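*Asks:* Use the sequences and the hints to build the structure in full.
Quick mapping for you: the protein sequence lines, in order, are chains A and B.
Yeah, the first sequence ends on 110 if you go by my numbering, and it's all consecutive.
Yeah, the second sequence ends on 116 if you go by my numbering, and it's all consecutive.
Keep in mind that the hints were calculated from the coordinates and are not lab data.
Only a predicted model underlies this, so the values are computations on that prediction, with no experimental measurement involved.
Be aware that one or more of the hints could be misleading.
The calculated lysine to aspartate or glutamate pairs, modelled on EDC-like cross-linking and capped at a C-alpha distance of 16 angstroms, are [claimed, not checked]:
id, chain 1, residue 1, chain 2, residue 2
1, A, 67, A, 3
2, B, 41, A, 5
3, A, 42, B, 109
4, A, 97, B, 104
5, A, 97, B, 59
Sample of chain A residues facing chain B (criterion: CB under 10 angstroms; computed from the structure) [said to hold, decoys possible]:
id, residue
6, 4
7, 44
8, 49
9, 97
10, 102
11, 105
Simulated DEER-style distance windows between Cβ atoms [as the list claims (entries may be wrong)]:
id, chain 1, residue 1, chain 2, residue 2, range
12, B, 20, A, 17, 44 to 54 angstroms
13, A, 58, B, 66, 38 to 48 angstroms
14, A, 81, B, 20, 35 to 45 angstroms
15, A, 18, B, 41, 22 to 32 angstroms
Beta carbons: idealized from backbone N, C-alpha and C, even for Gly.
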Amino acid sequence: QKEVEQNSGPLSVPEGAIASLNCTYSDRGSQSFFWYRQYSGKSPELIMFIYSNGDKEDGRFTAQLNKASQYVSLLIRDSQPSDSATYLCAVNMDDYKLSFGAGTTVTVRA
Amino acid sequence: GAVVSQHPSRVICKSGTSVKIECRSLDFQATTMFWYRQFPKQSLMLMATSNEGSKATYEQGVEKDKFLINHASLTLSTLTVTSAHPEDSSFYICSAEGLAGSGELFFGEGSRLTVL
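*Replies:* As structure tokens, this is what we get:
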């Protein structure tokens with residue numbers, strides 16, 4: 001069983017819509033959760049991190065964490081063409097190393 | 001945020017040669033750096049954890065004699081791919097923790113290695 005799972009996509013949304021990305025993880029002891037954005041051919045860049053259950057908002061991005069369900073999501077509001085990228089979910093396991101999901105590719109249609 | 005610089009960004013080499021990739025933290029000291037490899041349309045796979053002043057910790061299945069890691073200072077870690085073969089062609093990315101133990105990573109720009 002993979003440690004971090006994401007739908008690979010592609011997820012296609014029209015400009016201005018909400019893109020919803022999901023991630024599940026296997027280690028119930030995981031403490032911190034990250035969303036990274038990766039453009040094609042580039043290295044990942046951190047968008048958000050979340051430690052506590054509930055929602056965390058930063059601009060157009062909202063991360064949601066439910067530790068009981070071992071589920072973390074990312075919402076992108078008012079999607080823009082520049083949001084087209086692969087979004088990687090990463091989970092900090094007990095031994096502090098990050099485990100990455102395979103990524104969800106998002107395409108925002110103008 | 002913290003800046004991590006990686007060099008070279010692209011390298012092409014012949015099979016059997018060795019290639020060195022450098023990873024530098026430019027505005028902070030990084031006691032721990034991580035090296036990842038990413039194949040097309042796949043996620044980042046952790047290869048090894050590089051600790052300043054001590055031996056690197058390799059993930060299962062990663063040959064430590066083939067992927068030599070040196071972390072001689074708090075701002076520099078190097079990955080040397082020895083006797084490279086075409087199957088080693090990949091995107092190699094380093095990262096460093098912004099705050100020790102936080103899990104928040106800052107990534108280098110990545111190095112695309114092509115072995116002919």
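*Asks:* Give a verdict on every hint.
*Replies:* Hint check results:
no., hint, in the structure
1, 67(A) - 3(A), "holds (14 angstroms)"
2, 41(B) - 5(A), "holds (15 angstroms)"
3, 42(A) - 109(B), "holds (6 angstroms)"
4, 97(A) - 104(B), "holds (10 angstroms)"
5, 97(A) - 59(B), "holds (11 angstroms)"
6, 4, "holds (8 angstroms)"
7, 44, "holds (5 angstroms)"
8, 49, "holds (6 angstroms)"
9, 97, "holds (6 angstroms)"
10, 102, "holds (4 angstroms)"
11, 105, "holds (9 angstroms)"
12, 20(B) - 17(A): 44 to 54 angstroms, "holds (45 angstroms)"
13, 58(A) - 66(B): 38 to 48 angstroms, "holds (41 angstroms)"
14, 81(A) - 20(B): 35 to 45 angstroms, "holds (38 angstroms)"
15, 18(A) - 41(B): 22 to 32 angstroms, "holds (25 angstroms)"
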